[in-house]
Structures are given as C-alpha cells and as structure tokens.
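Just so you know, the protein sequences line up as chains A and B, in that order. Here full-length UniProt numbering is used: the first residue of the first sequence is 1, the next is one more, and so on. Here full-length UniProt numbering is used: the first residue of the second sequence is 1, the next is one more, and so on.
Derived by calculation from the structure, the hints in this document are not laboratory data. For every residue, glycine included, the Cβ atom is placed at its ideal position computed from N, Cα and C. Some hints could be false.
Okay, the calculated beta carbon distance ranges per label pair [said to hold, decoys possible]:
id: 1; chain 1: B; residue 1: Ile28; chain 2: A; residue 2: Pro95; range: 35 to 45 Å
id: 2; chain 1: A; residue 1: Asp59; chain 2: B; residue 2: Phe92; range: 25 to 35 Å
id: 3; chain 1: A; residue 1: Val14; chain 2: B; residue 2: Trp185; range: 26 to 36 Å
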Amino acid sequence: MNATTPEGLDAHLVVERGAFRIDLRLHVAPGETVALLGPNGAGKTTALRALAGLEALTDGHIALNGAVLDGAACSTVPPEDRRIGVVFQDYLLFPHLTAIDNVAFGPRRRGTGRAEARALASAWLDRVGLAGFGKRRPKQLSGGQAQRVALARALAADPALLLLDEPLAALDARTRLDTRAELHRHLAEHTGPAIVVTHDPVDALMLADRLVVVEDGRAVQEGDAESVTARPRTDYIARLVGLNLYRGKASGTAIRLDSGAVLTAAEALEGEAFAAFPPSAVALYRSEPDGSPRNTWEATVAGVHRHGDHLRVQLDGPLRAAADVTPAAAAQLGLEPGQRIWAAVKATEIRAYPA
Amino acid sequence: MTASNTKPAKRKRQSRRVPAALLAPAVIGLAFLILPLAGLLARTPWAELPARLAEPEMLAALRLSLLTATAATALSLLFGVPIAWLLARGDFPGRSVLRALVTVPLVLPPVVGGVALLLVFGRNGIIGSWLYDRFDITIPFTTTAVILAMTFVSMPFLVVSVEGALRGADLRFEEAAATLGAGRWTVFTHVTLPMVAPGVLAGAVLCWARALGEFGATITFAGNFPGRTQTMPLAVYLALQTDLEAAIVLSLILLAVSVIVLASLRDRWTATP
Chain A
1 MNATTPEGLD
11 AHLVVERGAF
21 RIDLRLHVAP
31 GETVALLGPN
41 GAGKTTALRA
51 LAGLEALTDG
61 HIALNGAVLD
71 GAACSTVPPE
81 DRRIGVVFQD
91 YLLFPHLTAI
101 DNVAFGPRRR
111 GTGRAEARAL
121 ASAWLDRVGL
131 AGFGKRRPKQ
141 LSGGQAQRVA
151 LARALAADPA
161 LLLLDEPLAA
171 LDARTRLDTR
181 AELHRHLAEH
191 TGPAIVVTHD
201 PVDALMLADR
211 LVVVEDGRAV
221 QEGDAESVTA
231 RPRTDYIARL
241 VGLNLYRGKA
251 SGTAIRLDSG
261 AVLTAAEALE
271 GEAFAAFPPS
281 AVALYRSEPD
291 GSPRNTWEAT
301 VAGVHRHGDH
311 LRVQLDGPLR
321 AAADVTPAAA
331 AQLGLEPGQR
341 IWAAVKATEI
351 RAYPA
Chain B
1 MTASNTKPAK
11 RKRQSRRVPA
21 ALLAPAVIGL
31 AFLILPLAGL
41 LARTPWAELP
51 ARLAEPEMLA
61 ALRLSLLTAT
71 AATALSLLFG
81 VPIAWLLARG
91 DFPGRSVLRA
101 LVTVPLVLPP
111 VVGGVALLLV
121 FGRNGIIGSW
131 LYDRFDITIP
141 FTTTAVILAM
151 TFVSMPFLVV
161 SVEGALRGAD
171 LRFEEAAATL
181 GAGRWTVFTH
191 VTLPMVAPGV
201 LAGAVLCWAR
211 ALGEFGATIT
221 FAGNFPGRTQ
231 TMPLAVYLAL
241 QTDLEAAIVL
251 SLILLAVSVI
261 VLASLRDRWT
271 ATP
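Chain B with its partners taken away, still in its complex shape (with noise of 0.2 Å):
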C-alpha cells in the first residue's frame, strides 16, 4: 500500500474517535444502566423458575397487571387522541395552559397522584361520594382504581406522543380529502389518523409500558389486595420483604415484557414508514 492510500484511511478512523472526556463519562454510565439488569439475571434461580412461574399468586399479578395495563391504555387512547387532537389544531384561549395541565401527571410524584384520586373518587370525594350515594358504586380498593390511577398516570404519554405526531404531520392532505368530499370527522378517521398512526403506536406503547409499571398511584388509591389490586410492581415490592427469590422471578418477568416491548418499538414504529 502506498502512502497516499493510507492517508484517507488513517484520516477517516481519527475523525471517528471519541474524545476521551466523553467516553469515560459514557461508559460509567453504561454500565451504571446495565449492571443492575446484569445483577438481577445473575441471581435468578433458574433451576426453579418454572415452578415459581407457575404459582397461582404470581400468575394472578401477571394477570391482573396485564389486564389493568391495557385497559388503561384503551382508556387513554379513547379520551387521550381527542385531548392531543384538540391541543395540536384547536384554536382556543388558553391551549398552553391546557397543556401544561394535561402533562402534569408526568412530573408529579405518583403517591401524590393517588392522594388526589383518593380525594375525588374516595367515598367523600366529589365524584366518589355522588357516586356512592346515586349508584352505591366505591371506586377505591378496586381493579377499577387500579386502572384509573394507571391511566391517570400514564395517559400523558400518550397525549404527548400523539400531540406530536398530528403537529407533525402535514394538513395539504386533509385538504386533499376535503376536495374529495370527505367531511370533518371522516377527514380525521380516514386520513389524520392513519397519517399519525405510527405516533399514535408509539404513545400507546409507552402508555402501556409507563402503566405496567405504576406502583405509587396504585398503592395509595387502590391498595394491595392479591388478585383485585396486587399488580406486579405491588407483588414485587410484597416479596422484597419476605421472599427474595420471588422479587426476583416477578422482576425478571417485568424486565422481560419490557425489553419485548421496547424491541419492537424499536423494529416496527421508529423505523420509516
């Protein structure tokens, strides 16, 4: 190889290295992310697993979890696409500070956020009491709070995520359907929506993940009871207490539907449509 040959190529690997000030900071966090994930599979009984999977307790969390999770996320894109809708094109006094309201659950500590359900729908809630009186339901200590603290929580993923994707998206084509005789509303169904449709598959992934996860609005509004409102972060948090392994086998399980979910995230809806 002649000198002249090896100049570019000598060149282009220089122009590729990292500075060493951003890597050592890069990879101490690295591994700061990764280690605990390492820590936990390295201490997963693995000889027991199947059995531990199988005990009713712990299929009765997954369950609960699971089901809880996605009627929060169907709750969230039934009231929260609409929300995003009318934040991104309407056009009304006070749209900022809509949103600024609309993403405050995101910030606020989730305990807090199970205060504040328990004050509106507890028995002497505003709702809560109306509803006990007329209808003698009671919202908290129910599956029914498990959801509504799940999508308390999480439905501002989804709002963001969509708000986004409809600003995003590009409204010469709304104006094309409407010359083709499509009104408002089949405007939105037949071209806005599947337009943002990646968006919107996007924000319910993270709803769904971010609603899985819940614990503190959970536990406060609607309490720890195996079966009704012991999900899997709550089952875990039990076991930490008294049985380590099994902490360890409900992490593991979690980990898993997370890592699932975020792979393919990451395959079928970050990619280019």
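Isolated chain A (complex conformation) (with noise of 0.2 Å):
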C-alpha cells in the first residue's frame, strides 16, 4: 500500500455478498473529486453504501482523515457518527419536513440550536441558489430543485467526506445541464474529499478531477480524464468515448490481435498492447484501396444507423470496428447491411499503448 498522508479518503473496500464482491482501493485527496465511473451493476452504489457506513466491510478498511472507520483493527464506526455526507440518487428528502428543515436536519443533530440552524440552512439553500423555496415540501420543488436541497442537506452537516450517488441521473436533459455545472461549483468550493458515482461518462469528465473506472466490483482502469478516454483499457469506457479497441500483442509497429488480425501503428512497442481508433479514422471503398503503408481489411457491413450528422457503420470481419461516413459517401458506396466493402486506417491514425 502506499504512504499516503493521514488527510483526506484512504479505503480497501471489500464487500462480499453471495457472489457478488467488489474489491477496491480508493485514495482521494482533500479537495479533490474522484468519480466511479461503471456501468450499471459494477459495484459502484455498493462501495459508495460501504464508505458511508449502509454496508459493512467483508475486508479492508476505511480511514478518513487519520481516523479509522472500519477495518479488522476497530469496531465499526455507525454512519451517524461518520460525518460523510451522502446525496442519493433519488434525494431522499423527507416528506414531511419542508426545504429548510431537510437542509437543517443535520446540524440540529449535530447539536446546534434550532434558530442557528435554521439560519444556516437558510444561507445554504441561498448558496444553491434557492432563496425562498425554505417553507416548501419536497413534493413541491421540481426535478432540479429537489436535487439542490439535497446537495444543500448533505452540505450543512459540513461532512468530512461528501458521497454523490448518480447526483444528476433522475433529471432532464435540460435540467441536467444547468445543474452539472452548479454541482461542479459547489464540489470545487468543498474542501475536503468527495465522491461521485455515476454511469454517464459526460457526468464525469465535467465533474471530477479524476476518475476510477469501476467494473465487476474492481478498477479496471484510474486517471484524469483526459488519459482515460485516450487510452481506454476497456470496452465499456472504449464504447462511451466512441472508440475502436483492441487487445493484442506488439512488435514493433505491428500489433497482432487476439482474433488473429494486424494492425500497423506508427509507434514501436513490444509486449502486450493496445490499439485504438475512432470511427472518423476508417475509410471505406468498394475495391481495394492501393498506395501508402496502412491497415487495409475487407469487411462486411453488419449495419448503418445515423450518427450525429453522419452515418455510422458497423463491420464485421477478422476486424469488427465502427466507421464513420458522410451520408453522401455512404450513398456513393451503396451501403447495406451484408455487402462485402474494403475499410482503411492510416498508421497514424492507431493509438497503441501497453496492456
């Protein structure tokens, strides 16, 4: 393990339940916003529970700050006497308190007096920018709104350690995008550690500093975003950012592929590898193409569907890839599903990195 310093998140979460088990080592900062990022069922909500004391641990340990909150070496400390924060992915606001004493809740039971708590719920549903909403039931705040005094209630608790379960999943499109940007706001200004789960990897690369790919319970893969969607190490993050990935082993520029293809990449690497492309980098002709070193593969159309303002087409063959085409170059070609068609990438246009 390695050394961190007692400030901020370290945890080894393991939960096991039946044949379900997540295994994971969180360490985030102080300050900083670490989002899991996974598709439905990889163990994400699981961990986010395991941290805020709803679940206990199988194994490992959870330390905040110095203190230690699970582990084999304690007793486990009950989530009220955490101080981590949780927003749920549907706000669980209590329906018989209205705005202001949702957001007061958790100062009242943290011993202030009723007035200062009200007076800091006040200014907190001000910070989220809801001014007046203080004397109405959750029934009667919208989408967006609700979320808000949610964010505001686990805030005035002043957590040491601020969960967010799928903060903007439940809400509309248009919504979702106002909201994203004042949540973003809001986790820059908290200054201790904080945690967003979520399945949307928009969600994620606008909130968090960092992002840990979560999948069957485990990090599959860890880093900002912007090394994360260049170099994805699985299909479920290679699909989200729209790219083509392959397994396979190097020498040299070549990368031979698991399915027995090769593909030519510009730089030289050895060992196992992956190759990456985007869709926009393949190029179809109805012949062979002839002319400069490149991976030139013949394929058959699996199917075409609109794509933005081009048409995406699936190919089958030794190489199953996504490509991209105008819809005048798909009308010039005469895609349909079950033609046999030639694609190209350009050696340039491949990605390769070490498995």
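Two chains, two frames, some hints: make the complex.
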C-alpha cells in the first residue's frame, strides 16, 4: 500500500454478498473529486454505501483524515458518527419536512440550536440558489430544485467526506446541464474529499478531477479524464468515448490481435498492448485500395445507423469495427447490410499503448 | 350525431354495466347493512331527544365511554407502537409466533378475553393477588378494569395497522437520516414515526372505535356499575330490558360517534398524504 498522508480518504473496500464481490482501493485527497464510473451493477453504489457505513465491509479498511472508520483493527463506526455526507440518487428528502427543515436536519443532529440551524439552512438554500423556497415541501419542488436541496442538506452537515450517487441521473436533459455546472462549482468549493458515482461519462468528465473506472467490483482503469478517454483499457470505456479498441501483442509497429488480425501503428511497442482508433479514421472503399502503408481489410457491413450528422457503419470480419462516413459517401458506396467492402485506417491514426 | 360518434359512447356504457349476478347480491347486502341503521333513525323519539340526552345517567355513561376509550387508545399507542416496530423491524426467532399471539384478541370472543383478564388480574389471579397483597390494589370491577379490557381487545388493531405502515415505509429515508448524524432513537422519532403517522393515526382511530364499542370483555371483567364501569354499550344493553326509547337514544349517539370517526378517517387519513 502506498503511504498516503492521513489527510483525505484512504479506503480498501471489500464487500462480498453471495457471488457478488467488490474489491476497490480508493485514495482521495482533500479538495479532490473522484468519479467512480462504470456500468450498472458494477458495484459503485455498494462502494458508496460501504463508505457511508450503510453496508458492512467484509474485509479491508476505511480511514478518513487519519481516523479509522471501519476495518479489522477496530469496531465499525456507525453512519451517524462518520460525518460523511451523502446525496442519494433519488435525493430522499424527508417528505414530512419543509426544504429548510430538511437542510437544518444535519446541523440539528450535530447539536446546533434550532434558530442557528435554521439560519445555517437558510444560508445554504441561498448558496444553492433556492432562497425563498425554504417553506416548500419536497413534493412541491422540481427535480432540479430537489437535487439542490439534497446537496445543501448534505453540505450543511459539514461532512468530512462528500458522496454523490448518480446526482444528475434523475434530471431531464435541460435541467441536467444547469445543475451539472452548479454542482461542479459546489464540488470545487468543498474542501474535503468527494466521490461521485455515475454511469454517465460526461458527468464524470465534467465533475471529477480523476476517474476510477469500475467494472465487476474492481477498478479497471484510473487517471484523469484525458488519459482515460485517450487510452481506454476496457470495451466499456471505449464504447463510452466512441473508440474502436483492440488488445493484442505488439512487436515493433505491428500489433497482432487476439483475433489473428494484425494492425500497424506509427509508434513501436513491445509486449501486451492496446490499439485504439476513432470511427472517423476508418475509410471505406468498394474495392481494395492501394498506396501508402496502412491497414486495409475486407469486411462485411453488419448495420448502418444515423450518428449525429453522419452515418455509423458497423463492420464485421477479421476486425470488428465502427466506421463513420458522410451520408454522401454512404450513398456513393451504396451501403447495405451484408455487403462486402474494404476498410482502411492510416497507421498514424492508430494509438498503441501498453496493456 | 353520426353513427361513428355514438358507437364509442355506447361501448363505454356497456363496459361499465355491472353483471346481474353481482348486482343483485350487492343490493341485498347493502340493504342489510343500511336498513337497521335507517330503522334506528326512524324509531328515534326526536321530540324527546334533548331531554333524554340531558339525563345524568346517559351523560355519565357517555363521559365514561369517551374517557375509557381514549385512555385505552393512549395505552395502546404507548405499548402497541413499540410492539409494531418489533414485529416489523425486529430480527429474532419466533417473530411470526409472536405476531400470531398479538392478533389473537382480534378473533377471540371478547367474553373469553374478559374471563382471561379476570384470571390474571382478579384478586386470586397471578398478578391480581400480588397487587392486592403488596399494594392493596383491586382491579376487577373498577374503571381501570374497563380501560384494561378495552386495551386488550383494541390494541391489536393499532399494532396491525402500524406494523403494516412500518413495513411499507422506505428504509432508505432512515439511512439518509443516519448519514446526517441521527442516532437510532432520533431516526425513529424524527423520521420513521412522522413518515408512518397516517398509519398510526388510522390505527389509533380504529383502536378507539373498537374500544368505544367494547362490551363482552368489559361486562365480564369490570361489571356493570353506573358511573364507574357502565359504558355506553353496557347502558344500551341494560336500557333495552327496561326502556326501549333510552336504548334507541344511546344507540343513536354511538352511531353518530362512529359515523363522525369514519368520516374523519376517510377525509384525512385515507387520502394520499
């Protein structure tokens, strides 16, 4: 284990429930926001619940600012004593309390007087742009407003660690855009560590300083937005960022893929490697193209569908890939499923990196 | 109107028509439920009503009934809500057996309940003899006995209602409260209880109404002493043997109270919160 400073979060989460198991190491520095990005059922929410103390650890430990909250060496600290704020996916605002009493709930439990807690709650509602909404009940709030009350409620309790579970998933597209920008601002102001769970790469990229990609309960890739999106290591991320991704063995500029096909990249590399290229890098021809050194192969058109202002062509064959073509090019090629076609990708378009 | 316009309207009406095989028994059943009440109203001596209502015995019975039913409801809330919580949230062996035991008074003939209470709290009963020897306290045939008898038969209504509400409550709200620093007791008082309040109120009203109508256990365990243990139902039964009109007036009052309770339950607590 690396010797992190006691500041921030240091956790090794192992939770086993039947056949399902998560095993995740997380280090989050004060002021840093980490996104747990992964498909549904990857164990992201379970990890969050374990951190909050709502799910018991099978093994591992949780330490926050040097204090051990859970682990083999000590008894488990219950959620009410952890000072970990959670913004739940469907907010879970108390329906019997007004917005201001919802926000004041945390401060009241931590021993703040009634009047002072209300003043604090009012200030927080102000900060999230909901001044004047204090007397509303949760069901009188729109989705975006409820989300902001939930955020204010979590922050008003002055949490040492902030957890957000799919904070934007329940919002419609328009509200989502505004709320995301505002949430980003509040996360930047939060001085403690923060973790955002999401299956939306845009949310992850916009809100977090660092991404941890979780699949099947494990971290499969970690890094800042740029490195994760430029060099995906799993099909899930490759699909999210719209790249064709292959794994194989590199020997110089040639990468022999598991399927037997060989790709030629510009840079030389040795050993296990990934090769990735965007669909826009694929050129399609009716007959075998000739010319400069590049990757060409014969493929079958598996499907064509609209993707933005161009068409995305799914190619079957030795190399399954997606290719983007303009509608004009598609018309010229007369693309239809089952058709045989030649595909080409320049070596300079292929990104190769060690696996 | 064109043919195409009438067709959907006709079909709509057809789909709403109740089959005769259901309608006939429904009407007969409704008549059976409503006619006795109508009969009661028809036989009510309206002219003498004010004078009848002002009779001291009548007032005493009404006062005692309201007092004891309310006290029984308070006792049921005090002990029944924790029982409901245990049954809904507790994780211990024999929980289903306990649930069955708690609901026994629902199906037990009230007279049997009265006998059972007498055997426990009577002067020779297990607890009754101890109370008498140690504190010189006698429970049977007192107002306390009325309250205990009512509590015995009516508390299960509250427990069943509150347990149902607790089972339906979303536990994640309690988790949210815990992350905000609320301990288990605070979670119960500040989140769980307010969220199941409609269920608790409905249960309390049912419990109160059942206590108000209690007869069998009361007359067995508490007797029939005017002013002390003679509640409304007991007074009705007694009046029936001597003064039919008094029985009718007493019944009318009980009917009015029941209808008011039912109406308020409908309006306030069965509507969506």
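Indicate whether the distance between the beta carbons of Asp59/A and Phe92/B respects the range 25 to 35 Å. Given a distance of about 28 Å, which is inside 25 to 35 Å, the answer is holds.
Verdict for Val14/A, Trp185/B (Cβ pair) under range 26 to 36 Å: holds (31 Å)
Cβ separation of Ile28/B and Pro95/A, checked against the hinted range 35 to 45 Å: For Ile28/B and Pro95/A the Cβ distance comes to about 43 Å; the hint holds.
Every hint from the earlier list agrees with this structure, and none is contradicted.
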